[in-house]
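Chemist: Each chain is listed here by its residues.
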Amino acid sequence: MNKRISQVALVALVLLASLILATTYWQTWASAGLAARQDNEIQRVAQFTIDRGLILASNGKTVLAKNVKKKVNGQTLYFRTYPTKGLASQVVGYSTQSRARSGIEAAQNSYLTGSNADLSTIFDTVGDRIKGTTVKGNSLELTIRPGAQWLAQHLLEGKCGAAVVMNPKTGAVYVMASSPGFDPNLIEKTNGYTQVQNTKSPCPPEPASPLLNRATQGLFPPGSTFKTITAAAALDDGVYKPDSTFYDPGYCTEYGKQVKNALDQSGPESFGTVNMVEAFQHSINAVFCNIGKSLGAKRILAEAKKFGFYSTPPLETPSDARSPSGLYANGKLFDPTTDKGFSKVDPGRLAFGQEKMLTTPLQMAMVASAIANKGVIMRPTLIKQVTSPGGSVIRKLKPHVYKVATKPATAGALKNMMVEVVQAGTGTAAQIPGVVVAGKTGTAETCACNTVYDAWFIFFAPAENPTVAGAVVVELQKDGFGGAVAAPIAKQLMQALLPTASNG
Amino acid sequence: MTARNRELGYLVAVAALTGLGFASVYIARQAVIGWSSLTYAAFFMGLYLVAHVVARVTVPNADPYLLPMTGFLTAVGLTEIYRLGPSDAFKQGLWVVIGVAAFALTLVVLRRDYRILESYKYLFGVGAIALLFLPRLPGLGETVNGARLWIHVGGLQLQPGELSKIFLIVFLAGYLREKREVLAQGRLKDLGPVLAIWAATMLVLVATNDLGSALLYFGIFIAMLYIATARLWYVFLGLGLFVAGGLVADRSIPHVAERITNWLHPFSSTKVYCPINGQMELRQDCQSYQLVKSLYSIANGGFGGTGLGKGTFTTTGGQALIPDVKTDFIYSALAQELGLIGVSALLLVFMVFVARGMKVALRVDDGFSKLLAAGLTFGFALQTFTIVGGIVRLIPLTGITLPFVSYGGSSVVANFILLALLLLVSHRANSVS
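Keeping their order, the protein sequence lines are chains A and B.
Quick note: the first sequence uses the numbering used here, first residue 1, plus one each step.
Quick note: the second sequence uses the numbering used here, first residue 1001, plus one each step.
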């Protein structure tokens, strides 16, 4: 019998050995795939065992996100709380059990959980794991200035809109406000998410969409603020000069029809003979319409691309929370130079920022920033520094050039034109005593009704050595002209930021 | 060194390991448990010392590795059960005490000559069947997760199938030794008993709704039949019959069909409502929930494991992630906390146990003892394969225990009796030579 016993023994041992093989499969090859599966709670729970890093405003004191410790079955878990209850809520986002993460909480999760590939972080977290102590994440200090951010949110309260202010030399974003906002602490509460989503809209028929970061995701027709790009194209080519003169008949002929100048231009209905500076200063559509027709849509779009249109602007938020600016048809970005339907884009209307052109406030802040910084766009950034749990700085904001939009001379000429807008043009409401402010208004048609507009103002200051540049948009304002609605908000933001902006 | 002294040495090593295990659970979870946990290790050592002394007196020449390996397996199980729920570990500790008592009793009663069992083989055969059908009795039996494997006696929940397995092996050892020549001729008329046992196994399958038990009993039968008769075609015939029976069951028994479907297609991506912990919840992998969560647990262990006491078995809200983790799924808990390296070591201990058990069968000189030792060892191996194989998706998942490791009284007691029988055979083998 012994031979058979040996054979049966062999079978038994092979069966058991196959268990080791199968376990090896699950714990090595299949492991990563299983960890990535959506319903794998172990991975979700694991995230809550990490003492997530803090999110602070630029002063290093205002806490935007921190943890509360809770014991669940003897396991220490860390849940998020947002002490400001809504300061820069769309930027900071949330990290909850019930919902996927959003904002910085989502995009910078690896820093916050200490799982980034930084050598010192790896050293720290591996040490923590070996010692069996809680893994601590890195803390983020944002570039957001809490005072100005509060002010922006306050000024936009009861409206739909957004404001972005950045340092044109470093790209540091000081203000990124989107209204209406929300209290991120609600997301985790029972029915809280629904409550947030059901926020009453201050701008019907548009939904309130408080979770939407209008500053980076909101797409608005830029209106006359887009004239900066048309002007940049005209000047960069050298075809036109600031003192080139144009005749303004008070309308522009489109498809054989007269399109009258917009209501928001300052001064008479028809200016007669003007130069480019005056046309810009008073935002005369007829002049830009004709400049646009002579440049062609292709040229204008090429210029827009140099300013960053048609690319998703860089920022430390999730990429799906940032939209590229450009021409949109049926909710989709299209590029007539490559896609079909080029002939349908009317260069005259495009020149003054209508014609399916939609932009984000961040993109328009980048336009202002480019002109402020001699034609160079610095990469916008929200993170001032990343600090390890031990207190050492593992990443610090380093300014990077994102794009070169125009020649320095063009930027200089545009700067003068924008200064004229504020001094004696459509944007006088943004004047600040003792500071030379540069700006451009925009009043974009949102419908054929000619009564509700998106009010824009893009700006930078001080003109000679700019430290702040930005864009403000207020949605669907009845008779809301950029100069009257958006420029005063921009003025207050500049005032809040200018005295200390050089510290930034 | 004598066999028993060697055994004592290994037991001390196991006791030290147990102490380390409990200490690491304590360190990882001191928030919820106290220093008293370490007394488990001392208690454990004491218990196995008793078992050792009984073995020293009754079976001095028996294999010195089997008892320490059992100690190791129970310690690993108890440590993990303790980590998952300290109050369960106390109950399991009591069951180990009862198990050691059963072990001692078996050794003492059968110390003269265990072969007396052979004369009662038919009694054991009938007993095995009776035990299997106990859960079918109304008022006594209970359906857990669709399978009828449990009975309620007083406040206790028992799985008579565990003991039935040993009875069956004793019966088969006696029966096959007697009939092996006849069966080896392979005449059609002698196939009667083979077919009868196949039918009985299928009846077990129908009665208990449990594919795992059926596989276990039939596998033991086939292995012992092959050892006794040396007829390989019995094996193929048996396997063929089993597969056929399984296919029929797949068609006709919903519970079995569900298990097989879950085995083949555990992962789904659409969410449906399914009852989890008594509540309707929107889930992926509804039917295969347990298997999938268990695989996540194993995967999370990776190579080195999370460390004892550091695995994740509950949600952030405190609900259990894997239902029945301490009984059927103790292996996936261990795989998460000890990692590949830890559970491979555990399975290697199982393999060494099987190798030692088979060695006993090889060394002993009479047919009954050979069949008994080989049958018990193969049963032990096949039970391990059935549950762990189900967990790692090699075969359809069935709810049986991992010998000595899982939470569950009947299993611990039955396996201690199994160990006692093996030691008795081993003692005889070593004494004769």
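Some hints here could point you the wrong way.
To be verified - So the derived list for chain A, only partly shown, Cβ under 7 Å to chain B, looks like this:
id, residue
1, V14
2, S31
3, V72
4, P249
5, L333
Claimed, not checked - Here are the simulated DSSO-like pairs of lysine-lysine, each with C-alpha atoms no more than 27 Å apart in a straight line:
id, chain 1, residue 1, chain 2, residue 2
6, A, K344, A, K306
7, B, K1310, A, K66
8, A, K356, A, K189
9, A, K200, A, K85
10, A, K69, B, K1310
11, A, K200, A, K71
12, A, K478, A, K61
13, A, K71, B, K1310
14, A, K344, A, K374
15, A, K396, A, K415
16, A, K306, A, K189
17, A, K66, A, K398
18, A, K306, A, K415
19, B, K1310, A, K70
20, B, K1310, A, K3
21, A, K71, B, K1179
22, A, K374, A, K398
23, A, K3, A, K66
24, A, K3, B, K1179
25, A, K61, A, K169
26, A, K3, B, K1091
27, A, K344, A, K169
28, A, K332, A, K374
29, A, K169, A, K398
These are calculated hints, taken from the structure and not from any lab test.
Because the structure is a prediction, the values reported are computed rather than measured.
The beta carbon of each residue, even a glycine, is placed where N, CA and C say it ideally should be.
Chemist: Run every hint past the structure and note whether it holds.
Modeler: Okay, the hints, checked on the actual structure:
no. : hint              : in the structure
1   : V14               : violated (10 Å)
2   : S31               : holds (4 Å)
3   : V72               : holds (5 Å)
4   : P249              : violated (63 Å)
5   : L333              : violated (30 Å)
6   : A/K344 <-> A/K306 : holds (22 Å)
7   : B/K1310 <-> A/K66 : holds (24 Å)
8   : A/K356 <-> A/K189 : violated (40 Å)
9   : A/K200 <-> A/K85  : holds (18 Å)
10  : A/K69 <-> B/K1310 : holds (17 Å)
11  : A/K200 <-> A/K71  : violated (37 Å)
12  : A/K478 <-> A/K61  : violated (40 Å)
13  : A/K71 <-> B/K1310 : holds (14 Å)
14  : A/K344 <-> A/K374 : violated (34 Å)
15  : A/K396 <-> A/K415 : violated (31 Å)
16  : A/K306 <-> A/K189 : violated (45 Å)
17  : A/K66 <-> A/K398  : holds (26 Å)
18  : A/K306 <-> A/K415 : holds (17 Å)
19  : B/K1310 <-> A/K70 : holds (16 Å)
20  : B/K1310 <-> A/K3  : violated (46 Å)
21  : A/K71 <-> B/K1179 : violated (64 Å)
22  : A/K374 <-> A/K398 : holds (19 Å)
23  : A/K3 <-> A/K66    : violated (69 Å)
24  : A/K3 <-> B/K1179  : holds (19 Å)
25  : A/K61 <-> A/K169  : holds (24 Å)
26  : A/K3 <-> B/K1091  : violated (43 Å)
27  : A/K344 <-> A/K169 : violated (38 Å)
28  : A/K332 <-> A/K374 : violated (32 Å)
29  : A/K169 <-> A/K398 : holds (11 Å)
When held up to the earlier numbered hints, the structure conflicts with 1, 4, 5, 8, 11, 12, 14, 15, 16, 20, 21, 23, 26, 27 and 28 and fits the remainder.
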